[in-house]
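S.K.: Each protein sequence line maps, in turn, to chains E and V.
For what it's worth, UniProt numbering labels the leading residue of the first sequence as 1, then goes sequentially.
For what it's worth, UniProt numbering labels the leading residue of the second sequence as 1, then goes sequentially.
Read the hints as simulated data drawn from the structure, not as lab findings.
Treat the hints with care, since some could be wrong.
What the hints assert, rightly or not - Footprint (simulated), chain E over chain V, 3 or more residues, beta carbon under 8 Å:
1) 3-10
2) 19-25
3) 53-60
4) 70-81
5) 107-113
To be verified - Not the full set, but computed from the structure, chain E residues with beta-carbon under 7 Å of chain V:
6) Val3
7) Pro7
8) Pro19
9) Arg56
10) Phe59
11) Trp60
12) Asp74
13) Val77
14) Asp78
15) Cys83
16) Asp89
17) Phe103
18) Thr105
19) Ala106
20) Met116
Stated by the list, open to error - Residues of chain V placed beyond 10 Å of chain E at every Cβ, according to the derived structure:
21) Asn36
22) Thr46
23) Asp89
24) Gly92
These figures come from a predicted structure and were not determined experimentally.
The C-beta atom is built at its ideal place from N, Cα and C for all residues, glycine as well.
2 protein chains.
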Amino acid sequence: MTVTFDPTTLCYTADGLIPAIAQDESGAVLMMAWMNKETLAETLATGRVTYWSRSRQAFWRKGESSGHVQTLIDMRVDCDRDCLLMIVDQAGPACHTNRRSCFYTAIRDGVEVELMKPEV
Amino acid sequence: MTVTFDPTTLCYTADGLIPAIAQDESGAVLMMAWMNKETLAETLATGRVTYWSRSRQAFWRKGESSGHVQTLIDMRVDCDRDCLLMIVDQAGPACHTNRRSCFYTAIRDGVEVELMKPEV
Numbered sequence: 001m002t003v004t005f006d007p008t009t010l011c012y013t014a015d016g017l018i019p020a021i022a023q024d025e026s027g028a029v030l031m032m033a034w035m036n037k038e039t040l041a042e043t044l045a046t047g048r049v050t051y052w053s054r055s056r057q058a059f060w061r062k063g064e065s066s067g068h069v070q071t072l073i074d075m076r077v078d079c080d081r082d083c084l085l086m087i088v089d090q091a092g093p094a095c096h097t098n099r100r101s102c103f104y105t106a107i108r109d110g111v112e113v114e115l116m117k118p119e120v
Numbered sequence: 001m002t003v004t005f006d007p008t009t010l011c012y013t014a015d016g017l018i019p020a021i022a023q024d025e026s027g028a029v030l031m032m033a034w035m036n037k038e039t040l041a042e043t044l045a046t047g048r049v050t051y052w053s054r055s056r057q058a059f060w061r062k063g064e065s066s067g068h069v070q071t072l073i074d075m076r077v078d079c080d081r082d083c084l085l086m087i088v089d090q091a092g093p094a095c096h097t098n099r100r101s102c103f104y105t106a107i108r109d110g111v112e113v114e115l116m117k118p119e120v
């Protein structure tokens, strides 16, 4: 049985948003940001990952200014249909701090530990 | 310089919640759920992952009824301090559908594709 994907079947927040996790093919979780119906549609149509910027209230075409684009390899939706997981090809660092991943700080024994340095 | 982790420095939603992604040591992203200050503190103190159930408005000690507990290996926070990533040891399937991961549905060429079956 073939099920056509219908983006209206996803569960969005009251603001019309859904969290989207980006993971590279090595398994590294790079970042989590938000999408809405329109940015999800653009991401699926173009293969270029586009988020919704909550601070700017605008499309956020990842890498548009930095060049650090994310190319979609595979899009997944979870059982509750309220979260997306994207396997992406990440050009350069994903984080605005120039680190590969936004999750570069560990919490260990009550102390923050920096796991990676900015790329140069 | 040692930075003591202060949970009040995280960015929570208006409901006092923060998304938490669980990933196993193989790199598989298992699920995303929500925490609040109290469940995060319990998770860090006990090493047993505890979420906040939005539907039940109660502590959700993962695996309490199913036995599919998550043991915390490493807790990470992202650059914006509004998302957590946990490396966990997952006993059994993470998903309530009995699949290893909640992200078992891919969206490919406009069609939903089931990537994994429930464990038996």
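S.K.: Mind checking, does the region 3-10 of chain V have 3 or more residues with a CB under 8 Å from chain E?
M.R.: This one holds; 3 residues, not fewer than the three required, reach chain E with a Cβ under 8 Å.
S.K.: Can we keep the E/Ala106 interface hint, with Cβ of chain V closer than 7 Å?
M.R.: Hint on E/Ala106: holds, closest Cβ of chain V at ~5 Å, below 7 Å.
S.K.: Are all C-beta atoms of chain E more than 10 Å from that of V/Asp89?
M.R.: With a cut-off of 10 Å, V/Asp89 remains clear of chain E, as the shortest Cβ separation is near 16 Å.
S.K.: Would you check whether the claim that V/Asn36 is not at the interface survives, using Cβ distances to chain E and the 10 Å cut-off?
M.R.: holds, 16 Å
S.K.: Taking the closest Cβ pair, is E/Asp74 under 7 Å from chain V?
M.R.: This interface hint holds because 6 Å falls under the 7 Å limit.
S.K.: E/Phe59 was flagged as interface toward chain V. Is the shortest Cβ-Cβ separation under 7 Å?
M.R.: Hint violated; E/Phe59 Cβ to chain V Cβ min 19 Å, cut 7 Å.
S.K.: Is the shortest C-beta separation between E/Asp78 and chain V less than 7 Å?
M.R.: holds, 4 Å
S.K.: Is the nearest CB of chain E more than 10 Å from the CB of V/Gly92?
M.R.: holds, 15 Å
S.K.: Could you check if E/Trp60 really has its C-beta closer than 7 Å to a C-beta on chain V?
M.R.: violated, 13 Å
S.K.: Over 10 Å to the closest beta carbon of chain E is the bar; see if V/Thr46 clears it.
M.R.: Check passes; 14 Å lies beyond 10 Å.
S.K.: Once the shortest beta carbon distance from E/Val3 to chain V is found, is it less than 7 Å?
M.R.: holds, 4 Å
S.K.: With chain V as the partner, please determine if E/Thr105 meets the hint condition of a C-beta pair closer than 7 Å.
M.R.: Since chain V brings a Cβ to about 5 Å from E/Thr105, closer than 7 Å, the hint holds.
This entry does not satisfy hints 3, 7, 9, 10, 11, 16, 20, going by the numbered hints stated previously.
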